[in-house]
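K.L.:
I would like the entire structure built from these sequences, with the hints used as guidance.
There are 2 protein chains.
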Amino acid sequence: MRIDPDRDIVLDRLLQAPPHLVWRCWTEPGLFCQWYLPRPWFVSEAIMDLRPGGRFFMVAGGPGGERVSNEGSFLEVVPERKLVFTDLFGEDYAPFEAPDSSFGPNFTAVLTFAPDGTGTRHRAVARHRSAGDAAANREMGFEAGWSVTTDQLERLAVTL
Amino acid sequence: MRIDPDRDIVLDRLLQAPPHLVWRCWTEPGLFCQWYLPRPWFVSEAIMDLRPGGRFFMVAGGPGGERVSNEGSFLEVVPERKLVFTDLFGEDYAPFEAPDSSFGPNFTAVLTFAPDGTGTRHRAVARHRSAGDAAANREMGFEAGWSVTTDQLERLAVTL
Chain H
6 MRIDPDRDIV LDRLLQAPPH LVWRCWTEPG LFCQWYLPRP WFVSEAIMDL RPGGRFFMVA
66 GGPGGERVSN EGSFLEVVPE RKLVFTDLFG EDYAPFEAPD SSFGPNFTAV LTFAPDGTGT
126 RHRAVARHRS AGDAAANREM GFEAGWSVTT DQLERLAVTL
Chain S
6 MRIDPDRDIV LDRLLQAPPH LVWRCWTEPG LFCQWYLPRP WFVSEAIMDL RPGGRFFMVA
66 GGPGGERVSN EGSFLEVVPE RKLVFTDLFG EDYAPFEAPD SSFGPNFTAV LTFAPDGTGT
126 RHRAVARHRS AGDAAANREM GFEAGWSVTT DQLERLAVTL
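As given, the protein sequences belong to chains H and S, one line each in that order.
If you're matching positions, the first sequence starts at 6 in my numbering and goes up one per residue.
If you're matching positions, the second sequence starts at 6 in my numbering and goes up one per residue.
Some hints could be false.
The list makes no distinction among identical chains, and a pair is therefore deemed to hold if it is satisfied within one copy or across any two copies.
To be verified - Under the rule of at most 25 Å between Cα atoms (straight-line distance), these lysine to any residue pairs were calculated in the SDA-like manner: (1) Lys87 - Val48; (2) Lys87 - Gly69; (3) Lys87 - Gly66; (4) Lys87 - Arg72; (5) Lys87 - Asp105; (6) Lys87 - Leu16; (7) Lys87 - Pro45; (8) Lys87 - Pro68; (9) Lys87 - Leu116; (10) Lys87 - Ala114; (11) Lys87 - Glu144; (12) Lys87 - Glu71; (13) Lys87 - Arg56; (14) Lys87 - Gly67; (15) Lys87 - Gly70; (16) Lys87 - Leu55.
Since the hints were derived computationally from the structure, they do not count as laboratory data.
P.N.:
Here it is as structure tokens:
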């Protein structure tokens, strides 16, 4: 995959848990709600229809009682190896007229998981429609937030 | 799949050729160029990287010497059963900042192929971002054009 440094934000990490456990954290709503989003933000509800074109919906809660939802879908699902989701399409590839940007500028996430020793080489690429959208997410602290969130993911995965 | 009558344009046809031949016509560039687009328009070149996230590019020629290209990608590829492509994303799910609408308002096509007797039940759903985009395509003669094009597909498939 060719990375576009202007439009893509890339996180690349070696996690101390094998791919099948990292995969479970990403794809089981009960686990996903325990680690996604940097604390004190959290996910209170997640609906995952884990198939290409399947709905991916979540509700986030914030420290001041904020409640924000995000509607999207999965595009590619390769168990334990690759997961792609977007908030530009709804169920069954129906493109949104007004994509839900409650969480900030829209992006499409391409996640890969590869065995590496007893752990997982995990790469997440957030692909934006424009350099401006990517810059806005960077300014919001996207990279630091995603890194903290991935720490939370790792701490959960190693306990499974 | 839930159809949205305002944003989706649906073609549903029983074709006199089995799914594996209809599939070949859709996915082999040398065959695709023989039937796609309603005559006197034709496809002079097609690049198909037939995988989820793979590039789908074509060049169309018109009766007055027109030359129009279209850049997009495949989203789902289930051999002989389902093919999804879009011009809203480029290779590997990079969303376009300015999707290529040289062919008219953008749409995402969800094609299915099911055995039906000795033939194929073929459904094509063109999903648009808005009712306005779908209406513009209808006014351009999208439905009649797609129907004629599907006749051309059928005539080719039965000879294979």
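K.L.:
Taking the hints in turn, state whether each one holds.
P.N.:
Outcome of the hint check:
no., hint, in the structure
1, Lys87 - Val48, "within (22 Å within a copy, 34 Å between copies)"
2, Lys87 - Gly69, "neither (34 Å within a copy, 46 Å between copies)"
3, Lys87 - Gly66, "neither (27 Å within a copy, 38 Å between copies)"
4, Lys87 - Arg72, "neither (29 Å within a copy, 38 Å between copies)"
5, Lys87 - Asp105, "within (24 Å within a copy, 28 Å between copies)"
6, Lys87 - Leu16, "within (15 Å within a copy, 32 Å between copies)"
7, Lys87 - Pro45, "neither (28 Å within a copy, 42 Å between copies)"
8, Lys87 - Pro68, "neither (32 Å within a copy, 44 Å between copies)"
9, Lys87 - Leu116, "both (6 Å within a copy, 24 Å between copies)"
10, Lys87 - Ala114, "both (10 Å within a copy, 23 Å between copies)"
11, Lys87 - Glu144, "neither (27 Å within a copy, 40 Å between copies)"
12, Lys87 - Glu71, "neither (31 Å within a copy, 41 Å between copies)"
13, Lys87 - Arg56, "both (12 Å within a copy, 14 Å between copies)"
14, Lys87 - Gly67, "neither (29 Å within a copy, 41 Å between copies)"
15, Lys87 - Gly70, "neither (33 Å within a copy, 44 Å between copies)"
16, Lys87 - Leu55, "both (12 Å within a copy, 17 Å between copies)"
Hints 2, 3, 4, 7, 8, 11, 12, 14 and 15, counting from the list given before, are not met by this structure.
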